[in-house]
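If you read the sequences in order, they're chains A and B. Numbering-wise, the UniProt record's numbering puts 55 at position 55 of the first sequence, and it's gapless, one number per residue. Numbering-wise, the UniProt record's numbering puts 161 at position 161 of the second sequence, and it's gapless, one number per residue.
Since the hints were derived computationally from the structure, they do not count as laboratory data. Even glycine gets a Cβ: it sits at the ideal position worked out from N, Cα and C. One thing to keep in mind: the hints can contain errors.
To be verified - Only part of the chain A face toward chain B is listed, based on derived beta-carbon distances under 8 Å:
id	residue
1	Asp9
2	Met58
3	Ala105
What the hints assert, rightly or not - Restraint ranges, calculated between C-beta atoms of paired labels, are given here:
id	chain 1	residue 1	chain 2	residue 2	range
4	A	Lys117	B	Val191	51 to 59 Å
5	A	Val19	B	Asp58	37 to 45 Å
6	A	Ile99	B	Pro388	51 to 59 Å
7	B	Ser468	A	Gln32	26 to 34 Å
8	A	Val120	B	Ala350	51 to 59 Å
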Amino acid sequence: MNLSNGKGDRIFGVVVVLVAVAYGVAALQFKQGFIVDPVGPKTFPLIVAGVSVVCGLMLIVKPDPDPEFPPLRTVGTLLMAMLTLVAYAYAIKPLGFLIPTAIAAAILSYQIDPRAKFAVAAGLGLSGGLYVLFKFVLGLGLLGVPKGWF
Amino acid sequence: MDILSNLALGFSIALTPWTLMLAIIGCFIGTIVGALPGLGPSNGVALLIPITFSMGLDATAALVLLTSVYYGAMYGGRISSILLNIPGDEPAMMTTLDGYPMAKQGRAGDALVISGVASFVGALFATIMLALVAPILARVAYLFGPAEYFALYLLAFSTLGGIASKNQAKAALASAIGLGIAMIGIDNNNVTRFTGGNLHLNDGIDFLVAIVGLFAVSEVFVFIESHGRGSALGVKLDKVTVPWREIWSTRWTMLRSSILGFIAGVLPGAGASLGSFLTYMMEKSIGGSKAGFGTGVAKGIAAPEAGNNAAAGGALVPMLTLGVPGSGTTAVLLAVLMTLNITPGPTLFANRPEVVWGLIASLLIANFVLLFMNVPLVKIFVKVLTVPPALLLPGVMMVSFVGIYSLTGSYYDMLLMIAFGVMGWIFRKLDIPTVPIILGILLGNAMENSLRQAMTLSAGDASFLFSSGISIGLWVAAVTGFVAPLFLRRIIKKPTLPEMEVPDHAKPID
Chain A
1 MNLSNGKGDR IFGVVVVLVA VAYGVAALQF KQGFIVDPVG PKTFPLIVAG
51 VSVVCGLMLI VKPDPDPEFP PLRTVGTLLM AMLTLVAYAY AIKPLGFLIP
101 TAIAAAILSY QIDPRAKFAV AAGLGLSGGL YVLFKFVLGL GLLGVPKGWF
Chain B
1 MDILSNLALG FSIALTPWTL MLAIIGCFIG TIVGALPGLG PSNGVALLIP
51 ITFSMGLDAT AALVLLTSVY YGAMYGGRIS SILLNIPGDE PAMMTTLDGY
101 PMAKQGRAGD ALVISGVASF VGALFATIML ALVAPILARV AYLFGPAEYF
151 ALYLLAFSTL GGIASKNQAK AALASAIGLG IAMIGIDNNN VTRFTGGNLH
201 LNDGIDFLVA IVGLFAVSEV FVFIESHGRG SALGVKLDKV TVPWREIWST
251 RWTMLRSSIL GFIAGVLPGA GASLGSFLTY MMEKSIGGSK AGFGTGVAKG
301 IAAPEAGNNA AAGGALVPML TLGVPGSGTT AVLLAVLMTL NITPGPTLFA
351 NRPEVVWGLI ASLLIANFVL LFMNVPLVKI FVKVLTVPPA LLLPGVMMVS
401 FVGIYSLTGS YYDMLLMIAF GVMGWIFRKL DIPTVPIILG ILLGNAMENS
451 LRQAMTLSAG DASFLFSSGI SIGLWVAAVT GFVAPLFLRR IIKKPTLPEM
501 EVPDHAKPID
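Using the sequences provided together with the hints, build the complete structure.
Structure representation (C-alpha cells):
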C-alpha cells in the first residue's frame, strides 16, 4: 500500500466514517412518532449511515491518486473569498444591497484577476447594474441602502 | 387523436404573448449560459430558479422559462467548443473533436451552422418523441406502488452513480450524503431529526440552497483557484453562410444520432454526455477510417450535437412521468417542479394537462426560436465569450445570493449556501460527483416514505419489496446498473480525447 499518494481520499474516508457513525448513533435515539409504523424514524437513517461507513472504508482501503492540491497561498485566497461571502451574507440585510454588493464583487473580481482598477469598476458596475435589473426589471423587493438614509 | 387535441391545448397556452415572450427570453439566456465556459445547463438553471420564484411566476410560466433556458444551454454549449476548444458544458465535449479543427481551418462559421442545425434536428426529434412516449409511460406508472417506487429511486441512484462516475464507492457515498441531508428536519410523523436543536433546520435544508451552493457557488471557487485560466479573449468570426450541401450530406447522421441520443436520454442516469459520446462513436465506426473523424468533418460535428440535444429532450421523459431525473440538469428541473408544488408522475398528466402540454408546445416553439438565434444570430453569442471571467463570476455569485436572499430572506440560508459551495469545491477536488448529492436531497424523503408505506402495507414483511414483476425488474436493473460499469470499464476504454485543454471549470455537471 502506497501511503503517500491517495492521502486526500484516506483523510476524507476517515472523516466520512466518523461522521456516519455519529449520525447512526444519533438516529438510534429517535423515538416512534404519533403513528407507529414498522420502519419508524430510525431505519432509513441507519441504512444511510451503514452505506456511508462502507463507502468511507472503501476510500481508506482503495483511494484514488491525489488530485493537484492548490498551494497554501491559493487556499488562503479561497478562505478570504469565503470570509468575504460570509460577511456579505450578514451585511446585506442591515446595510442594503448596493454597498455590500459592490465591495464583495470587487474583492471576488480581484481574486480572479488581480487588476485593481478593473475590480473596482466590476464591483460598482455589478452592484448598480444588478440592482436596476432586480429591483426595476424583475420587481424583486430589494432594499438599496439602509433605511432612513434618504 | 388524443395527442392532437392535447397539443392544441398546449399551443393555446404556449402561443399567448406572455408565454411566448418567456420562451424567447429563456432561449436567449440559455444560449448565453451554455456558451460561457464554466456555466452549463445545470448551474444556469440552478441560478435562475430562486429568482423565477421571487418574481412570482405561475407554474406553467416558470416551467416554460426554465426549460427554455435548459434547451438553450444545450444549443449554446457548442459555441465555445468550436471556437475555443473548451466545451461550454460537458455534453459539448465531443463537439470539440471535429468542431475545433474545422474552426482552425477558417471554417468556424460553417461549423457553427452545421452544429446549430444538428442541435435543432436532435432537439425537435426528442420533443416530438417526448409528446408521443411520455403519455404512454405515464399510464404504465399508474401500476407503481410504494414498493415499486422504492426500487425505482434505487435504480436512479445506482445508474446515475454507476455510469456517470469513475469510482463506484464515491458515487454511492455521494448518494448517501444527499439522502442523509434530506433526513434533517421534522419527518412526516412529527419526529425531529438531526437538527441539533436549531430551529432553522426544522423544515429541513431547502434543496434550492443546496443546488445553488453546489452548482453555482462552487464554480466561482474553482475559478478563483484557477485565476480564470482557460478563458480566451478576442475570438473572431467571419461572415456566416449556410453550407447547404454539407448539411444535407449529414442527414442520416443527424437522424441516427437523434434516435440513439433520445434513447440514451430516457435511460436513467445516462444523460446528454453519454448521448453525445455514443453517437460520435457510432458515426465514427460507420464512417470508418476514410471518413476522417477528428480532422474537422461535418459528420463529426453533426453527430454529437444531434445526440446531446436529443438526449436532453429524452431526459425529460422519466423526469415528467416518474419524477425520477436521469441527469444533473433534470434533477434541477425536478427541483423546479417540487418548488411549484407539482408532483411529477402519472397524476401530473391527468390532473394538470395544461402544465405538461403547455410545456411540450413551448419546447416545440423554443426549438424554432433557438434555430433562428443559433444560426443567423450566432454572432451575438460569440461576443458573449469575450466577457472576462473577473466580471462574469462575481456576477454569478451575486445573482446566487440575491436569488436565495429574496426567496428566503434569511442570512442563515445564505450561510448554508456558502457551506454547500465549499463542500462542492472540495468534492470536485476529490472527484466525488455532486449530482447524486442533489438527487439524494431531492428524493430522500420520497424514498423513505415509500419504504415506510410499503412496510406498513405488508406489516413489516421485507419480502414485499420484491413481490411484483416490476419491482423485481427494477431491482435487477439497479444492481446491474451499479455493478456492470465496473467490468465494462475495463473492456470499453474511453478513447483518449486528443490534445485538449479541459480546465477544471469546464467539466461541470452534465
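Inset, instruction - List, from low to high, the hint numbers that the structure doesn't satisfy. - result: 6
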